[in-house]
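Go ahead and model the full structure; you've got the sequences and the hints to work with.
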Amino acid sequence: NLIELDVNNEDSVNRAIEKVIKNEGRIDVLINNAGFAIAPAGAEESSMQQAQAIFDTNFFGVVRMTRAVLPVMRKQNSGLILNISSVLGLLPMPFGALYSASKHALEGYSESLDHEVRTQGIRVSLIEPAYTKTSLGINLLEADAKISAYDHIREKLHQHMIKAINKSDDPSVVAKTILKVINSPQKLSRYTAGKTAKHLKNLRKFAPVKIFDTLIQRSLKV
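Under the numbering used here, the first residue of the sequence shown carries the number 1, and numbering increases by one thereafter.
Hints may be right or wrong, so weigh each one.
Claimed, not checked - The list that follows gives simulated cross-link-like pairs (lysine-lysine, DSSO-like), each with its CA atoms no further than 27 Å apart:
#1 LYS205 / LYS195
#2 LYS176 / LYS146
#3 LYS176 / LYS156
#4 LYS146 / LYS163
#5 LYS133 / LYS156
#6 LYS176 / LYS210
#7 LYS156 / LYS167
#8 LYS198 / LYS210
#9 LYS167 / LYS198
#10 LYS133 / LYS205
#11 LYS146 / LYS156
#12 LYS205 / LYS180
Said to hold, decoys possible - Label pairs and their in silico Cβ distance ranges:
#13 GLN217 / PRO71: 44 to 52 Å
#14 ASN33 / GLU10: 15 to 23 Å
#15 ARG15 / ALA149: 41 to 49 Å
#16 SER219 / PRO185: 33 to 41 Å
#17 PHE212 / PRO71: 26 to 34 Å
#18 ASN9 / SER78: 26 to 34 Å
#19 ASP28 / HIS160: 34 to 42 Å
#20 LYS205 / LYS146: 33 to 41 Å
#21 ASN166 / LYS198: 14 to 22 Å
Worth flagging that the hints you see were computed from the coordinates, not collected in a lab. Here the structure is a predicted model, which is why all the values come from computation and not from measurement. All residues carry an ideal CB built from backbone N, CA and C; glycine is no exception.
Here it is, written out as C-alpha cells:
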C-alpha cells in the first residue's frame, strides 16, 4: 500500500510511520532516497531560501525520517537505515556546491549515527553512487539568483552533465547494491555503487591533492 509522505514535514513523517507500524507492526529497513539537485551554477547564484531548501530535503529530511523510526528499531533491538548519498559527498563539485555540501553533511551524520546506534542493535550504511539515470538529472532546479559573470561556464557544465548522465549507470546498479547490503550478515558503514563511483572514491583517497585538483579542473573544462 502507498502511504503519503513529505520528508520536509515532521507531522507527515510521523503519520506515515504510525501507519506502517499499525499495518505491519515493525520496521526492519529504512531507505532514505528523497532528494533534489540544482542545475550547474555558482554557489552564490542560489538564494538563501534555495540553499535552505536543498538542505531541508537532502539532509534534514533524512534526520526527520531517522528520528521517526529509531524508537521503533530500538524497541525491536534491530533495524537497518540506508542513506542514499553520492560520491559528491566525498568529492568537491564546482558549480554544484550546495548539493555536494548536503551530501557531505549526510556522510558525517550517517557515519557518526552508525556508531551510536550499534549499541541498540541497529546499523546505518551509506550508499554512494555516481551519476545515475534517474529523474534527479531531469528535474534539476535552476539557480534562482543567476549572475551574468557565470553564464559561459554554466552552459558548458550543463552540457557536460547531460553527457555524463547519458553515460551513467542504470538505477539497477544502485538497487543491487541496496539488496546486497540488506542481505549481508556483516554491514559496513559505506558502500560505493558502480565502477565509476568506486574509481572516483579511490582517486580521492590515493591521488595527491595537486593532481586531484588538476583533474577536476580538466574534467569540467573550466
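A quick look at each hint next to the structure:
1. LYS205 / LYS195: Judged against 27 Å, a Cα distance of about 15 Å means the pair holds.
2. LYS176 / LYS146: violated, 39 Å
3. LYS176 / LYS156: Violated - the C-alpha atoms of LYS156 and LYS176 are around 33 Å apart, more than 27 Å.
4. LYS146 / LYS163: holds, 23 Å
5. LYS133 / LYS156: Holds, at about 20 Å.
6. LYS176 / LYS210: Violated, because 35 Å separates the two Cα atoms, which is more than 27 Å.
7. LYS156 / LYS167: holds, 17 Å
8. LYS198 / LYS210: holds, 20 Å
9. LYS167 / LYS198: Roughly 16 Å between the alpha carbons, so the hint for LYS167 and LYS198 holds.
10. LYS133 / LYS205: holds, 26 Å
11. LYS146 / LYS156: holds, 15 Å
12. LYS205 / LYS180: holds, 24 Å
13. GLN217 / PRO71: 44 to 52 Å: holds, 47 Å
14. ASN33 / GLU10: 15 to 23 Å: Holds, since ASN33 and GLU10 (Cβ atoms, about 19 Å apart) stay within the stated range.
15. ARG15 / ALA149: 41 to 49 Å: This hint holds: roughly 46 Å between Cβ atoms.
16. SER219 / PRO185: 33 to 41 Å: holds, 38 Å
17. PHE212 / PRO71: 26 to 34 Å: violated, 42 Å
18. ASN9 / SER78: 26 to 34 Å: About 28 Å separates the Cβ atoms of ASN9 and SER78, which means 26 to 34 Å holds.
19. ASP28 / HIS160: 34 to 42 Å: Holds: the Cβ-Cβ distance is about 40 Å, inside 34 to 42 Å.
20. LYS205 / LYS146: 33 to 41 Å: The hint (33 to 41 Å, Cβ to Cβ) holds, given that LYS205 and LYS146 are roughly 35 Å apart.
21. ASN166 / LYS198: 14 to 22 Å: holds, 20 Å
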